[in-house]
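J.: Construct all of the structure, not just a fragment, from the sequences and the given hints.
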Amino acid sequence: MLSRVPPQTLRILALLLVLFAVLLFFSTQVPNYLNGRLFNRISSSVAIMALIACGQTLVILTRNIDLSIGSTVGFVAFATGSLITNNPDIPPLVLATYSVLLGACFGVVNGLLVAYARIPSIIVTLGTMALFRSALVEYSDAKSITTNNLPTWLVEFPNTQLFTIGTFQFRAAFVVAVLVVFAVHIALTRLRPARKIYAVGSNPEAAEMAGINTKLVVFFTFVLAGALAGLAGFMFLARFGTITVVAGLGFELKSVASAVVGGVNIFGGSGSVIGALIGAILVDLIDMSLVRWQLVSEFWREAVLGSLILLSVAADAILMRRLVKWRVAREKKQTKSGVSS
Amino acid sequence: MTHFTKLTTAAALLLGTAGAAWADGHSVSLTPGEEINMVLLPKFLGILVFDQANEGAQEAHAELGNIGELLFVGPTPENSTAGQIEIMTTSATQGQGAVMISNNAGDQIVPSAVAAQAAGTRVVTWDSPIPSGEGEDVFVAQVDFASMGIVMADMAHSILGGAGQMAVLSATPDASNQNAWIAAMEVALEDEKYAGIELVDIVYGDDQAEVSYNRALALVDQYPDLGVIMSPTTVGIQAAAKAMQDEGLCDKVRVSGLGLPSEMVSYTMNGCAPEFALWDFRDLGYLTYYTAYGLASGQMTGEIGETFNAGRMGDFTIEEDPGRPGSSRILMGPFTVYTAENVEAASN
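Chains as they are written, first to last, in the working numbering: chain A, 174 to 514; chain B, 22 to 369.
It is worth saying that the hints were derived from the structure and are not from the lab.
Bear in mind that the values here come from a model prediction, so they are computed numbers and not experimental data.
Treat the hints with care, as some may be off.
[What the hints assert, rightly or not] Here are some, though not all, of the chain B residues that point toward chain A, as calculated from beta-carbon distances under 7 Å: (1) Leu-66; (2) Leu-69; (3) Thr-97; (4) Glu-99; (5) Asp-195; (6) Gln-229; (7) Glu-231; (8) Asp-242; (9) Asp-246; (10) Gly-269; (11) Lys-273; (12) Pro-282; (13) Glu-284; (14) Ser-287.
[Stated by the list, open to error] Estimated spans, in silico, between C-beta atoms of each pair: (15) B:Ala-103 x A:Leu-484: 26 to 32 Å; (16) A:Glu-329 x B:Ala-139: 56 to 62 Å; (17) B:Ser-179 x A:Val-348: 39 to 45 Å; (18) A:Pro-204 x B:Glu-107: 56 to 62 Å; (19) A:Leu-299 x B:Ala-139: 32 to 38 Å; (20) A:Val-267 x B:Ala-139: 54 to 60 Å; (21) B:Ala-103 x A:Glu-504: 50 to 56 Å; (22) A:Phe-472 x B:Gly-292: 52 to 58 Å; (23) A:Phe-440 x B:Val-94: 36 to 42 Å; (24) A:Ala-303 x B:Asp-128: 24 to 30 Å; (25) A:Phe-198 x B:Gly-292: 36 to 42 Å.
C-beta: ideal position from N, C-alpha, C; glycine also.
T.: Given below as structure tokens:
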């Protein structure tokens, strides 16, 4: 049966195994661990990172990287907060659209520089990461957005329970994030224009020869990543309420980690946003569990988090290789037996 | 001197008065109108309390009629430590008269601060000192660090009704002011009065809303009997209060610590954070400016025992820092404890 499963699905199965192992390990180490609360914590917290990791995945698929994504989230969160503070009557959808469009604008800057000025994305986004952050420092004028100035609907939105299964609460922010990730996944697997992203990432020359406008594709992935970061900024504002200039700091690396842990090839061309979603869950789970693991002191946590990420990626890679090998061996055996019969 | 120190501490603690005037001593009145370029260097840019300190410094700058320039420069948040060292070094090269720094680099700032002093730049710390005191002329302390410990212990005591579990949610692991306050609180907790309070954990939210928020929730999950989260940082206390409110935990776990009334008012009114404390950052910036101006213009020597007049805030005396033997400090005080009764008035 396993032989019919495509490699991407296999990879996700392997990831789920690792996720399960991590859960099992920490449940033996941390008291009051395995319960509905853990699910609620992780799901509410991962809602934001899932969107960012999804955007990051799109960019990585085309052999690029977006290091400015954390600064984009921070800027959009602040700008959206400041807009709604000054105009409390703006309807929810308009506000969310504003966030998405603003994020997309940052994506346009990155996209133009990478795709059309042909500057390597790591350099472009390293620059724009600092630029967007400094723009936020200037724009904020050392003020912060505070929860009391935000409308109730916005503050209550992320924690609204849509439905519950047992003690597992499914909250609006998480559901929205998962829906968005699935929508992107379906687009990537079913829609022709979206498939071009994989083509460009696998082999840019071949894609070019096949008549794909590779520049346009790269440009669009940056714009999409910016838009997703904008939506994440909206969610960030709703969840945390207080936005200072440090908002979203470090998200760029966490999103890359989520994507890579989720099996997205850092050299482009392969990976899925579902994988990135599970990667984000895994990174978040490890991070949150480490805080509660008494054995690890504050100063070692980053190191342990890094090691565990490496370990999960390694375990995932080894599992994958084993499975592929086993399958190849089985297929050979089958063809042999097929020939002999 | 020790007698005087005790007196000041006691005054700040019990009466809540600012560093009392030294009745017999001679108080230096600063001559305005000198030309001294100065740099006000916060932990990083974009945090409201540091901007308030800048407002206070600008007020003193105008008052003293300094013809020189007062620069408010700071690193971006992700680059705090390295950025502070760089700005310190640059200021010395530029021949600035004084650098006023809220140190976020621990003792890593020492070499650049020592070099700045050697180049003739006065180094005045405020808000957060240099732990070893090296490379620092004087520390302008917003509050006596030992009494800060007692205040936090007292707030926990009153919230917990005398007995229960407390956890600390701090800023970064190497923020010297927060570390000193937590250490002071641990000392205070040894008193019999607080025998019923158990300090179960200290975690760090890196002064980032999202990290602090998640740390606060992890604390609640880890310690089912937790009664209070003590957060001696304006970012942490606010994030923790929001987390408790979002999860509907406010009737079980209260939040306290140091917070800005304008950010905390709703949580105090709904009971999530019934008590918290803070001092006036404008005053802190104002006093720091007077001190730095006095030192850089040569009107003050910075020796222990020296008394000077800081404009509208009155007289202050340089004393030995009880928490850092061999270093000197100026004690500002007092702080205000905010409750449902006074928070609304203060938040406007």
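J.: Give me the numbers of the hints this structure contradicts, sorted from smallest to largest.
T.: As far as the earlier hints go, 5, 9, 10, 11, 12, 18 and 22 are violated by this structure, in ascending order.
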